[in-house]
Amino acid sequence: MTADVHQLAKMLHELDDQMVACMKCGMCQAVCPVFAETMNEGDVARGKIALLENLSHEMIKDPVGVQDKLNMCLLCGSCAANCPSGVKVLDIFLKARVIVNTYMGLPAVKKAIFQGLLTKPGVFNSVMDVASKFQGVFTKSANEVIGSSCSRIDLAVIEGRHFMPLAKKSLRKLEPSRNTRPGKSGYRVAFFPGCVIDKIFPQVGQAVLKALTHHEVGIFMPSGQACCGIPALASGDKGSFDKLVKRNLEIFEKENFDYLLTACATCTATMHELWPLMSGDKTQSMQDRIAAMSAKVMDVNQFMVDVLKVSMPVEGHGTKVTYHDPCHLKKSMKVSEQPRALLKSNPNMEFVEMSDADRCCGCGGSFNLQHYKVSKDIGAQKRDNIVASGAQVVATGCPACMLQISDMLSQHKDQIAVKHVMEIYAETL
Amino acid sequence: MISTSLLTEFKTLLGKDNVLDSESDRHSYSYDAAVLDAVIPELVLRPTNSEQLGRTVALCNENKLPMTVRGAGTNLSGGTIPTKEHGVVILTNGLNKILEINEQDLYAVVQPGAVTAKFAAEVAKRGLFYPPDPGSQAVSTLGGNVAENAGGLRGLKYGVTKDYVMGVNFWNAEGEYIKSGGKTVKCVTGLNIAQLMVGSEGTLGVFDEIILKLVPPPVASKAMLAEFDDIAKASETVAAIIANKIVPCTLELLDNATINYVEDFTKAGLPRDAAAILLIEVDGGHIALVEDDAEKVLDICKKHGAKRVQMAKDAAEKNKLWEARRNALPALARARPTTVLEDATVPRSQIPAMITAINNIGAKYKLQIGTFGHAGDGNLHPTILTDRRDKEEFHRVEQAVDEIFDVALSLGGTLSGEHGIGTAKSKWLEKETSKATIIYSRRLKKAVDPNYLLNPGKIIGG
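Just so you know, the sequences run in chain order C and F. For what it's worth, the working numbering labels the leading residue of the first sequence as 1, then goes sequentially. For what it's worth, the working numbering labels the leading residue of the second sequence as 1, then goes sequentially.
So here's chain F without its partners, still in its complex pose (with noise of 0.2 Å):
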């Protein structure tokens, strides 16, 4: 229990609003994207400046207060619901200032609790560009996206979010503040201890101010819609085009019964009888070479057996197409009450294997499943489609889940893409890795937060 003494402690340090103790307050920080029972936290703490940040962390170390630190809450694999007992949850949201866009060196320095949209709104502003376009880009953080190294579905070509990490300064579970890499092109000074930071999910330490990398942004794009009567003519297509050394900024797959949810919800007039279509956007500096990669891409999809191909004239054509991958998830959520969206990768050659796989296990534990992602890296999100509060069908959610996740590290891929680790994923970590890695990873942990508090269970259990 926290004491009184503290709690007057927390209240007096960040102000009374910004200390949430109320029971209908607290239910309202158990949860997060993920499927997993909600756990209620102690007490919700928001500071709002850097020294209250620290002063925060520190106050909680010495209190032995268990810390889950919280961006938006829209983790895919419980990384930001916090510990089971006594544990407080830190809010992001009071730190969310875009604190420097340098147009001349091509960085920004962020406070983790900048939304991702907004800040790639205000690059944008300045002619520049930030790649990484996590779907809830809307309302996610930058810090969570660090945390989660996030990815997107421009990840293909740009990257995920550990690509554009040029530093971090965080404070480490005793409040002390640990500055790593910095806002030089080149910075190869100590540990690179920033990429350790990276996707550790708030397990080694919180971020204070982060450093991104900007690039130019592309100045043209073409986007076409091919379909396929075989989900293996879409997938040899897929890597028939990186073979032929285009690298589209955009390569999304959208499997049959995804296919038909989307028509069902949008009536869009995708054909409801193809195996599965592929959405490709290629981008980049100069109209005519991005058209010409165009025709090139239109042409490999024609010889790989697309039924059809559909290009974009303009923008308004453009978006239409688009509009059927947006709508996927949508389309998939509406259909039964509990949306299971999963993050399996496989390397791109498995992805017939990996979607026959899945349709599989749907078939076998009698599951509607409908499986898109990010074909140009693998990075499948098999979605099944259940009702939590039926039990028996839950339990045949899980072992489904299992099985999807054994298929994807046989076929040499891995636990996740872009959604992390957290509590969900973490009794296969082991399988990914070695138990050395694991017993490695829990050492360091050990060093830097002996007392075991920064968001504890997650990735690495314990």
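Here chain C stands alone, though its shape is the one from the complex (with noise of 0.2 Å):
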């Protein structure tokens, strides 16, 4: 055990280029969302980076805490957006918890999650299959808006939550791949839908296809496409993510392509960023596939109007529509003007801006299910910004947003819908 601390801390040690850097001056308090709700210390990057330099010094005897409060952050990135020196606090939180989790071994139910299901991705879509179809067993229709559903009897576990229901036919099934050559556009990209379009928001990735082929851009999307990885890389699971790297990258190398698009804020982060930041271990080969691959990422608003420069800013009328900026989106990728000038292109709407737009909707992936209430707690900020903004249509570009305000929205009987970007904007095709 003892040498294994002493590892541990010398793993840490090579994060302490990154930490100096942080001067504790104390301003990602002023945008930490987890930080507003539980006013703690700890859980703002001045004070997770205090931690994890104490737990490098040997100074602390307390992983478990350690672990804990690296687990409480939304990884959304505001901090890093409004860090006066400039500290790379994502890289540092995920090497960090990879090092911790690594150390305190991972959960049994994760191990099983990522080990067993996530990187065996015709095994995960088999069980999401079945779950699709037995899913009304246990759930009743919550908001027909929205189309969230809420569980049929009182369990803990779901702790009220409305969530959206697993798709009838996941987008897999009713587009199991595509390859087709440029037309006019010149453009040929490939498209990557991610776990949860395909399974639970179709809709948006026909959106996205619909739009691609009507300014005849030649798409590639092959079938076998695996988890972009983020669940188990926020877990701290390395192996399972480099698995999963390593399988999409064979996938799509296959083809030639321009951009590899995505219309998931997370997903594009997540490739265009952290794929390229884990890959330090891998040989010089792999790193350059994967840097080579991760380069023609982009996310889908961003590729439509400064690559295709298909919106024309209409003045609109009708329904109201606002929009929610996906963190990883806006302060990871700096795309956020692009959905709007979609949005603003729909003849059909009119686009209000809500109060703190960019400010995180709470969801943070494995965070909603491990801090509910303080998931919940930031998430009922946004939904009195998107009422307060009086939209009948909620859009933003990132699924994961789509299920977080769905919830929100959906436990206060608004009836607001909640909607990707590219599905608006397909509308007016």
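Quick caveat, the hints were computed from the structure, so don't treat them as lab data. No residue lacks a Cβ here, since even glycine has one placed at the ideal position from N, Cα and C. There may be inaccurate statements among the hints.
These stretches of chain F come out as covered by chain C in the derived footprint (C-beta under 8 Å, 3 or more residues) [claimed, not checked]: (1) 20-27; (2) 69-78; (3) 328-340; (4) 386-398.
Okay, the calculated beta carbon distance ranges per label pair [unchecked claim]: (5) Val-247(F) - His-57(C): 42 to 50 Å; (6) Lys-373(C) - Glu-100(F): 25 to 33 Å; (7) Asp-314(F) - Lys-111(C): 42 to 50 Å; (8) Gln-399(F) - Gly-280(C): 34 to 42 Å; (9) Lys-296(C) - Arg-388(F): 39 to 47 Å; (10) Gln-370(C) - Ala-363(F): 51 to 59 Å; (11) Lys-64(F) - Lys-373(C): 49 to 57 Å; (12) Thr-319(C) - Ala-121(F): 29 to 37 Å; (13) Arg-126(F) - Gly-136(C): 32 to 40 Å; (14) Lys-16(F) - Phe-138(C): 28 to 36 Å; (15) Ser-355(C) - Arg-389(F): 41 to 49 Å; (16) His-57(C) - Ala-243(F): 48 to 56 Å; (17) Gln-415(C) - Ala-124(F): 32 to 40 Å; (18) Asp-264(F) - His-13(C): 55 to 63 Å.
Using 25 Å as the maximum straight-line C-alpha spacing, the simulated SDA-like pairs for lysine to any residue come out as follows [as the list claims (entries may be wrong)]: (19) Lys-125(F) - Ser-389(C); (20) Lys-16(F) - Gln-67(C); (21) Lys-334(C) - Asp-264(F); (22) Lys-267(F) - Asp-230(F); (23) Lys-373(C) - Ala-38(F); (24) Lys-334(C) - Ala-335(F); (25) Lys-376(C) - Lys-267(F); (26) Lys-334(C) - Asn-319(F); (27) Lys-427(F) - Ala-38(F); (28) Lys-173(C) - Tyr-259(C); (29) Lys-61(C) - Val-39(F); (30) Lys-118(F) - Thr-38(C); (31) Lys-64(F) - Thr-12(F); (32) Lys-210(C) - Val-393(C); (33) Lys-88(C) - Glu-323(F); (34) Lys-88(C) - Asn-18(F); (35) Lys-16(F) - Ser-389(C); (36) Lys-233(F) - Ala-335(F); (37) Lys-61(C) - Ile-2(F); (38) Lys-16(F) - Asp-68(C); (39) Lys-334(C) - Trp-322(F); (40) Lys-111(C) - Asp-129(C).
Got two chains here, separate frames each, mind docking them using the hints?
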């Protein structure tokens, strides 16, 4: 055990170069959604970095406490975006999660999910298909405008959540694959729908395919795609993450294309930023392959506006639509104007800005599962801002945010539809 | 050690979520923004109402627990780092309400944990103005601002926090409620304890409510950037502006090193070869008067050797000018791992001498130093760029800091324009004041805190 602690300290010491840049100024408190709820210094970036510094210097004998603190983070990147010193907070936290969770061991449930399901897409898809068929036994409709469900029985594990049901037919079944040549646009793109779009929001994937086809963009959408890896990485399971990266790489390397598009902010940020960031332990050749693929990754909104230059903002009238900035799109990828431009190009909709549109919705992937109360408190503010905007539709660019926002609105019985920007754009075609 | 029964008593009083006793939690309260060694508190307590706060203080006193009160922990002189043995940290962020904003009588009553920028925004919504604007205002608390007598960019015209404190109600070390000052513009009743509390850094009492003065906001402002090839000329310009009876709301200086770090970082087009730039903003209650002042300032800059003066035509241009100032610290902070931001303050006329001395000290100790700050009030921030892990270099940093403060004092300056004394600068206090002053201060402390438990070791040591 002692040797392990020393090994852990050595590995953490390697993060020192990044952590030492933290001036402990505390400006991260101003933007951290978790801190706003708990008011605990240990929940904000500065506190976590101090804790990790102390851990690496062997001043602390409480790895469970460190693990808990590290997990108490949405990985939204607000702190990094607001940091005067430019501390790469997400890099530090993700690497630290890998180190601490490797040392502590992965909980059995996560091990089963990541190593037994996520890294085996065939098994994962089959399980989800079965779940899709039988979900009606346990769930009932909660809000028809949103399309959400809730549990038929009062289960503690559900904690009153309203959730989006699994689609009757996944995108994978509706559109098993595509491989078309470029038309007038001259571009050919690969499309990575990601798990949530595939299994819960296939209509978003279909909207993307419709828009790309309309603009005569060649599409390569291979079958057999796997998860981008963020759930495993966020839980510190680097092994599963590596497997998923490798599998996706092999699938997409089969063809040539200009961009690798996603309609999921989290997948985009993961593939563009985290794939190369976490590849330092790989061979040079593998690192080069990952870097080349990552460089092609682009958010679909950005592709439509910056590359295809399709949006022509109009003075829209009719249904009021507002937009929520997903953290991974705005804070990680610096994409915020493009989705708004697409929304404004719909003549049947009037765009209205909500307050704090770029404030995290509180989802944070597994954060929502582990810390639902805090996640819900953060989401409640988002819900209030959406309602205050007067919008009848809230659009966003991340299916994970769509899940969280749907839950928040549905629980309040709000009659506000939750859509992806590409769904709204596709309506104009 | 804190006994199990006392721990239980705190948990009963405050609720278990407001008593942080795990090792990982306590670590998060072992530092502030000063580059000093961390000290881990034995317990962290968060009262959420006045009665809880009073009882917490009384319990600490009864059990001889040293108390360090902490707002946002943005302190730059170690004022919120707990004391070494058995110290507890008392958090004020559970007491963060703005209790009253009185638009008729121009005052506000706040709890100590209210965040400065949020308060200023609430005041502004009602057409009023709270001028103190410390750089950390987005997170800093008003209680912390009062305890440290925080300043900011508007200090030249509008003063610092002390100029806005009308009253302070607080718990003394023994948990008794003390009231001082009030809500009237004129209030000379009794000892002026409220002002004694300002800048006392948590050594004399624990704030419960603070009464702050509000003022009407300026209705117009104009900003400009002036370039100089000689820092003495920039300094003369500062003095000349004031001598011409114009008091800008902000008058900031960036030295050549800082200009270049900012330019490296932002590529904003700042003049890399300028010895210094001045960023000047005038404001007031009438647009014509403000424009007239701005033109006069522009002329003064030119007459005193400014190579170029760029007046902002609109809000967007003004914002662009201020980007340079806003990016000074981020640009410096990115240059090296550790940033030691100091707070040497001298009479305006001594700015060139101070900056020359800082540069000489930097050369002597082979250190990178960028200097920027509030030239209008002589409050400079020499910022040493280093790596704390390099023990030899950090020793040179400590020697350089010693010399910088020696020079500041020799030029008739002060140890702190706005960052407080804390533990970081307490060793120089006698040099700036006198032995008798220290003894007098300690007697005062002893009289109001007989067990020496309120943030011991800060300002006057002991």
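Going through the hints against the structure:
1. As drawn, the stretch 20-27 of chain F meets chain C at 6 residues by the rule of a beta-carbon pair under 8 Å; at three or more, the given contact holds.
2. Counting residues of the stretch 69-78 of chain F whose beta carbon lies closer than 8 Å to any beta carbon of chain C gives 3, which meets the minimum of three for the stated coverage.
3. Evaluation of the coverage hint for the stretch 328-340 of chain F: fulfilled, as 7 residues show C-beta separations to chain C shorter than 8 Å, against a requirement of three.
4. A stretch counts as covered by a chain when three or more of its residues have a beta carbon under 8 Å from one of that chain; for the stretch 386-398 of chain F and chain C the count is 3, and the coverage holds.
5. Our hint of 42 to 50 Å for Val-247(F) and His-57(C) holds, since their Cβ atoms are close to 49 Å apart.
6. Checked against the given bound of 25 to 33 Å, the beta carbons of Lys-373(C) and Glu-100(F), roughly 32 Å apart, stay inside it.
7. Between Asp-314(F) and Lys-111(C) the CB atoms are about 59 Å apart, so this pair departs from the stated range of 42 to 50 Å.
8. Restraint check, Gln-399(F) to Gly-280(C): a C-beta distance of roughly 38 Å satisfies the suggested window 34 to 42 Å.
9. Between Lys-296(C) and Arg-388(F) the beta carbons are some 40 Å apart, a value that agrees with the proposed interval 39 to 47 Å.
10. The supplied range of 51 to 59 Å is met by Gln-370(C) and Ala-363(F), whose beta-carbon atoms lie about 54 Å from each other.
11. The given range of 49 to 57 Å is broken by Lys-64(F) and Lys-373(C), whose C-beta atoms sit roughly 37 Å from each other.
12. Against the hinted window of 29 to 37 Å, the Cβ-Cβ separation of Thr-319(C) and Ala-121(F) comes to about 32 Å, which satisfies the hint.
13. A hinted range of 32 to 40 Å is violated for the C-beta pair Arg-126(F) and Gly-136(C), which are about 54 Å apart.
14. Checked against the hint of 28 to 36 Å, the C-beta distance between Lys-16(F) and Phe-138(C) comes to roughly 35 Å, which is consistent with it.
15. Checked against the hint of 41 to 49 Å, the C-beta distance between Ser-355(C) and Arg-389(F) comes to roughly 43 Å, which is consistent with it.
16. For the pair His-57(C) and Ala-243(F), the beta carbons lie near 54 Å from each other, so the given range of 48 to 56 Å is met.
17. Look at Gln-415(C) against Ala-124(F): about 35 Å separates their beta carbons, and that is inside 32 to 40 Å.
18. A beta carbon spacing of about 29 Å between Asp-264(F) and His-13(C) contradicts the range 55 to 63 Å that was offered as a hint.
19. This hinted pair checks out: Lys-125(F) and Ser-389(C) have alpha carbons roughly 20 Å apart, not beyond 25 Å.
20. About 21 Å separates the Cα atoms of Lys-16(F) and Gln-67(C), which keeps this hinted pair within 25 Å; it holds.
21. Proximity of Lys-334(C) to Asp-264(F) is assessed by CA-CA distance (about 21 Å); at most 25 Å being required, the pair is judged to hold.
22. A distance of roughly 23 Å separates the Cα atoms of Lys-267(F) and Asp-230(F); the hinted pair therefore holds under the 25 Å criterion.
23. At most 25 Å may separate the alpha-carbon atoms for a hinted pair to count; Lys-373(C) and Ala-38(F) exceed this at roughly 32 Å.
24. This hinted pair checks out: Lys-334(C) and Ala-335(F) have alpha carbons roughly 24 Å apart, not beyond 25 Å.
25. Between Lys-376(C) and Lys-267(F) the CA atoms are separated by roughly 41 Å; this puts the pair beyond 25 Å, and the hint is violated.
26. The suggested pairing of Lys-334(C) with Asn-319(F) holds, with an alpha-carbon distance near 21 Å, which does not exceed 25 Å.
27. Note on Lys-427(F) and Ala-38(F): the hinted pairing holds, with a Cα-Cα distance of about 19 Å set against a maximum of 25 Å.
28. Between Lys-173(C) and Tyr-259(C), the direct Cα distance comes to roughly 24 Å. Compliance with the 25 Å bound is thereby established for this hinted pair.
29. At most 25 Å may separate the alpha-carbon atoms for a hinted pair to count; Lys-61(C) and Val-39(F) meet this at roughly 16 Å.
30. For the hint pairing Lys-118(F) with Thr-38(C), the CA-to-CA distance comes to about 18 Å; that is within 25 Å, so the pair holds.
31. Restraint check for Lys-64(F) and Thr-12(F): satisfied, since their Cα atoms lie roughly 19 Å apart, inside the 25 Å limit.
32. Taking the CA atoms of Lys-210(C) and Val-393(C), the gap is near 21 Å; set against the 25 Å cutoff, the hint holds.
33. Pair hint Lys-88(C) plus Glu-323(F) holds up; C-alpha atoms about 22 Å apart against a cutoff of 25 Å.
34. Distance check on the hinted pair: Lys-88(C) and Asn-18(F) sit about 30 Å apart at the alpha-carbon level, beyond 25 Å; violated.
35. A distance of roughly 38 Å separates the Cα atoms of Lys-16(F) and Ser-389(C); the hinted pair therefore is violated under the 25 Å criterion.
36. Note on Lys-233(F) and Ala-335(F): the hinted pairing is violated, with a Cα-Cα distance of about 28 Å set against a maximum of 25 Å.
37. Among the hinted pairs, Lys-61(C) with Ile-2(F) is consistent with the structure: their alpha-carbon atoms are about 19 Å apart, no more than 25 Å.
38. The hinted pair formed by Lys-16(F) and Asp-68(C) meets the criterion: a straight-line CA distance of about 17 Å does not exceed 25 Å.
39. The straight-line distance between the Cα atoms of Lys-334(C) and Trp-322(F) is roughly 23 Å, inside the 25 Å bound, and the hint therefore holds.
40. This hinted pair checks out: Lys-111(C) and Asp-129(C) have alpha carbons roughly 21 Å apart, not beyond 25 Å.
In summary, the structure is inconsistent with hints 7, 11, 13, 18, 23, 25, 34, 35, 36 from the numbered list given earlier, while agreeing with the others.
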